[in-house]
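Student: Residues per chain are reported as follows:
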Amino acid sequence: DAGVIQSPRHEVTEMGQEVTLRCKPISGHDYLFWYRQTMMRGLELLIYFNNNVPIDDSGMPEDRFSAKMPNASFSTLKIQPSEPRDSAVYFCASSSHGRDRPMGRGYTFGSGTRLTVV
Amino acid sequence: QQQVKQSPQSLIVQKGGISIINCAYENTAFDYFPWYQQFPGKGPALLIAIRPDVSEKKEGRFTISFNKSAKQFSLHIMDSQPGDSATYFCAASPYSGAGSYQLTFGKGTKLSVIP
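So the sequence lines, in the order shown, correspond to chains A and B. Per the numbering used here, the very first residue in the first sequence carries number 282; after that it's consecutive. Per the numbering used here, the very first residue in the second sequence carries number 954; after that it's consecutive.
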């Protein structure tokens, strides 16, 4: 498996523009997470899905942020309109949490999208 | 309640030395404690994890020590190597039940191992 695939790797956009980040989770994983990483706040959970259904979006900072998972192999995180304070690295992670989850399994993270809003 | 506090923020260790990173938590529902390693330009990757039924877990040069009564756990890297230079995150979650799929991360420790 190629792991969790995120695109684009880097995105530079102007304030006010719409930004869409994409994620392909590992096949067979039934949980998908979106995290944001900044120096000040570390890794923050934005939203997570189970079997394509959003379970907890309490970490989404504002209505400008939205996330979808139309099928098991694709998810998007959209920011509209973008602001300079949204500049961060956004990570997607996936996981399989079966009934007898092996303790060491954990999350598999993608390589992230570095977003810069100017 | 949900925080995991990690220290130090940065750490410089000589090659061959021991690196120690500490974490503390408040939520007594946490009973799964993984550590993640992140290299520049990459996402965090699971390194080692522990549950509180044991006080220590060792995998190669990496050891987690766990103190349930103090609600603290730490990562020890023995014989530290320059290739260990990375950012390390502790995390915690309940192992099962409500919230078990949501890891709460510490803010990270940037480790530099100098030759």
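Keep in mind that the hints were calculated from the coordinates and are not lab data. Take these hints with a grain of salt, some might be off.
[As the list claims (entries may be wrong)] Below, a list of computed lysine to any residue pairs in the SDA-like style, where the Cα atoms sit at most 20 Å apart:
| id | chain 1 | residue 1 | chain 2 | residue 2 |
| --- | --- | --- | --- | --- |
| 1 | B | K995 | A | S339 |
| 2 | A | K305 | B | K1060 |
| 3 | B | K1060 | A | R322 |
[Said to hold, decoys possible] Estimated spans, in silico, between C-beta atoms of each pair:
| id | chain 1 | residue 1 | chain 2 | residue 2 | range |
| --- | --- | --- | --- | --- | --- |
| 4 | A | S377 | B | E1009 | 26 to 32 Å |
| 5 | B | G969 | A | S368 | 44 to 50 Å |
| 6 | B | D1006 | A | P351 | 38 to 44 Å |
| 7 | A | P335 | B | Q962 | 29 to 35 Å |
| 8 | A | M321 | B | P993 | 41 to 47 Å |
This structure is a prediction, so every number in the text was calculated from the model and none was measured. Using N, Cα and C, we set each Cβ at its ideal position, and we do this for glycine too.
Student: Against the earlier hints, flag every one the structure doesn't satisfy and list their numbers going up.
Tutor: 1, 2, 5, 8
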